[in-house]
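Engineer: Here are the chains, one letter per residue:
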Amino acid sequence: MLEIKNIYKAFGNNEVLKGVSLKVEKGDVVVILGPSGSGKTTLLRSIDFLEKADAGEIIFDDIHAEFARISKKTISQIRKKTAFVFQNYNLFHNKTALQNVTEGLIIARKLPKEKAIEIGKRALDKVGLSERYDYYPSQLSGGQQQRVGIARAIAVNPDIILFDEPTSALDPELIGEVLGVMKELAKEGTTMIVVTHEMHFAQDVANRVVFMDGGRVVEEGTPDEMFSRPKEERTRQFLRRILPDFDYVI
Amino acid sequence: MRSFHPSYILEVLIQLLPFLWVTVAMVIGTVFFGGAVGILLAAAKVRKGRITRLLANIYIYITRCIPSVIMLFIVYYGLPELLLGFGIDINHVGKGFFVITTFSILFAANMAEVFRSAYEAVDKGQKEAAASIGMTSWQTFYRILLPQCTVVALPNFANALVNLMKEGSLAYTIGLIDIMGKGQLLIGMNHGSYALETYLALTILYWVLTFVVEKSFGVLEKHLSKGKKALSQA
Chain A
1 MLEIKNIYKA FGNNEVLKGV SLKVEKGDVV VILGPSGSGK TTLLRSIDFL EKADAGEIIF
61 DDIHAEFARI SKKTISQIRK KTAFVFQNYN LFHNKTALQN VTEGLIIARK LPKEKAIEIG
121 KRALDKVGLS ERYDYYPSQL SGGQQQRVGI ARAIAVNPDI ILFDEPTSAL DPELIGEVLG
181 VMKELAKEGT TMIVVTHEMH FAQDVANRVV FMDGGRVVEE GTPDEMFSRP KEERTRQFLR
241 RILPDFDYVI
Chain B
1 MRSFHPSYIL EVLIQLLPFL WVTVAMVIGT VFFGGAVGIL LAAAKVRKGR ITRLLANIYI
61 YITRCIPSVI MLFIVYYGLP ELLLGFGIDI NHVGKGFFVI TTFSILFAAN MAEVFRSAYE
121 AVDKGQKEAA ASIGMTSWQT FYRILLPQCT VVALPNFANA LVNLMKEGSL AYTIGLIDIM
181 GKGQLLIGMN HGSYALETYL ALTILYWVLT FVVEKSFGVL EKHLSKGKKA LSQA
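Chains as they are written, first to last, in my numbering: chain A, 1 to 250; chain B, 1 to 234.
You may find that some hints are simply not true.
[Said to hold, decoys possible] Selected chain B positions facing chain A (in silico; Cβ < 7 angstroms): (1) Asp-89; (2) Ser-117; (3) Gly-125; (4) Ala-129; (5) Ser-132; (6) Ile-133; (7) Gly-134; (8) Met-135; (9) Gln-139; (10) Arg-143; (11) Leu-146; (12) Pro-147.
[Unchecked claim] Negatives, chain A to chain B, calculated, CB over 10 angstroms: (13) Lys-18; (14) Thr-41; (15) Asp-48; (16) Ser-71; (17) Glu-103; (18) Ile-117; (19) Ala-186; (20) His-197; (21) Gln-237.
No lab work stands behind these hints, which were simulated from the structure alone.
Everything numeric in this text was worked out from a predicted model, so none of it was measured.
Beta carbons: idealized from backbone N, C-alpha and C, even for Gly.
Produce the entire structure from the sequences given, and follow the hints as far as they go.
Structural biologist: Encoded structure:
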């Protein structure tokens, strides 16, 4: 469904992505792991054109384009098929929870207002915020804000949702509620790519885990392969540091 | 020298009131034209074009270094000369035109900075979020960014407005009869007597004007910052 081929991206002299390829099929939950600075967030942002990649190709269903010379029209076509959940939620401060969710439907997708509100309410109900339609982001907790962020993403009915460290800005006791919603989405067959440090989420929910380091994909496989029999020494080092009880099987 | 007559303050006040509209019209005209130019300057500063940004910076730098009273005379004497060079005669145009032109030039530079800093104060993530749900840059600007930067700009805008109103009193130097101009005329007619009473009457008028501006902007700010208000409480 979505394929990224050989993507390159540099910020000035700093090469962040050095030829990364990634393939996602419908219904996949791909978790990208890696130390900070490994390029995982940049990869995710490049897929949604929040960063402009220097080279590489993107294939999305029947759309085939090169990052270096992609047109505004193609970008908007691909963005209509995707949704993005941000680390810092990035809810619109001047809009209520419901308006945050309906904005993209009414303004970008030109849906009638009543229809958009109906979809918006359903999306908020789904993330457990049926009591918070008219709250402004500043009146919500971090976990609630991120759930609005997720509702905003699912409301546009995307083919794939990109999650950029959705829980790393949250207090530990709020992480669970967000991961719970994400798990629920995964169960329903939502295709998603998740950049995260939540190892348990990767183990329990992902059907593919990609480990990145230094702007490259070091290794990828099923959670089982990755967590119990990683092939690369770099992967083992990383997992040993992150998971205290990590003990791979030889 | 005459003794101080507090009762004369009221008398002057009544004579000044009919000229209040001149002061107000000067402010409104300046806010309109100066604000419009200020928006263009701010846009030039935040956009990518290097030349437009340089031009905007030069404009702001130069105008900020000129005291209003000097600018007033430069415009009053210089603009007719300049336009005559293009065959346009504005020697018979009213003084209000020169006053509004002068203060618009100065106000625009202030506004450019107010608008630019407000625009830059809005988190870049807002733009990204809008892009990610498929909004165009124009939709993002007027639906998301503009409402948010308006709230940020409001206090500075109100401040600039109050300053403009007070600096506007310099317009009497080229002979505009606003409340200040009329006050000067009254003092002249009294051969310099009751000057203190006249200036006190003017003080009261400017104080009332400032009070009205600050109160109305306070109400406006409260109304517009719905999403932001709770943030300060949290």
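Engineer: Hint by hint, note whether the structure agrees.
Structural biologist: Tested hints:
Here the hint on Asp-89 of chain B is broken, as its CB sits about 49 angstroms from the closest CB of chain A, past 7 angstroms. Interface hint status for Ser-117 of chain B: violated, as the beta-carbon distance to the closest one in chain A is roughly 17 angstroms, over 7 angstroms. Against a cut-off of 7 angstroms between C-beta atoms, the interface hint on Gly-125 of chain B holds, since the closest Cβ of chain A lies about 4 angstroms away. This hint holds: Ala-129 of chain B has a C-beta 4 angstroms from the nearest C-beta of chain A, less than the 7 angstroms allowed.
Taking 7 angstroms as the C-beta contact cut-off toward chain A, the hint placing Ser-132 of chain B at the interface holds, the least distance being around 4 angstroms. Interface restraint check for Ile-133 of chain B: the shortest CB-CB distance to chain A comes to about 3 angstroms, inside 7 angstroms, so the restraint holds. Annotation: Gly-134 of chain B was flagged as interfacial toward chain A, and the flag holds, the nearest CB pair being 4 angstroms apart, inside 7 angstroms. Satisfaction of the interface hint for Met-135 of chain B is found here, the shortest Cβ-Cβ separation to chain A being roughly 5 angstroms, below the 7 angstroms cut-off.
Interface hint status for Gln-139 of chain B: upheld, as the beta-carbon distance to the closest one in chain A is roughly 5 angstroms, under 7 angstroms. A least Cβ separation of about 6 angstroms between Arg-143 of chain B and chain A falls short of the 7 angstroms threshold, and the interface hint therefore holds. With a least beta-carbon distance of about 9 angstroms to chain A, the hint placing Leu-146 of chain B at the interface is violated under the 7 angstroms criterion. Here the hint on Pro-147 of chain B is kept, as its CB sits about 5 angstroms from the closest CB of chain A, short of 7 angstroms.
Non-interface status of Lys-18 of chain A relative to chain B is upheld: no Cβ of that chain comes within 10 angstroms, the nearest being about 24 angstroms off. The Cβ of Thr-41 of chain A sits about 12 angstroms from the closest Cβ of chain B, beyond the 10 angstroms cut-off, so the non-interface label holds. At the 10 angstroms boundary, the C-beta of Asp-48 of chain A falls inside the reach of chain B, the nearest C-beta of that chain being 6 angstroms off. In this structure Ser-71 of chain A is separated from chain B by more than 10 angstroms, as the shortest Cβ-Cβ distance comes to about 14 angstroms.
For Glu-103 of chain A, the shortest C-beta to C-beta distance to chain B comes to about 7 angstroms, within the 10 angstroms cut-off, and the non-interface label is violated. The beta carbon of Ile-117 of chain A sits about 16 angstroms from the closest Cβ of chain B, which is more than 10 angstroms, so the claim that it is off the interface holds. The non-interface label for Ala-186 of chain A is consistent with chain B: the shortest C-beta to C-beta separation is roughly 20 angstroms, beyond 10 angstroms. With a minimum CB-CB distance of about 20 angstroms to chain B, His-197 of chain A clears the 10 angstroms threshold, and the non-interface call stands.
No Cβ of chain B comes within 10 angstroms of the Cβ of Gln-237 of chain A; the nearest lies about 33 angstroms off, and the non-interface call holds.
The structure fails hints 1, 2, 11, 15, 17 (numbered hints given earlier, in ascending order).
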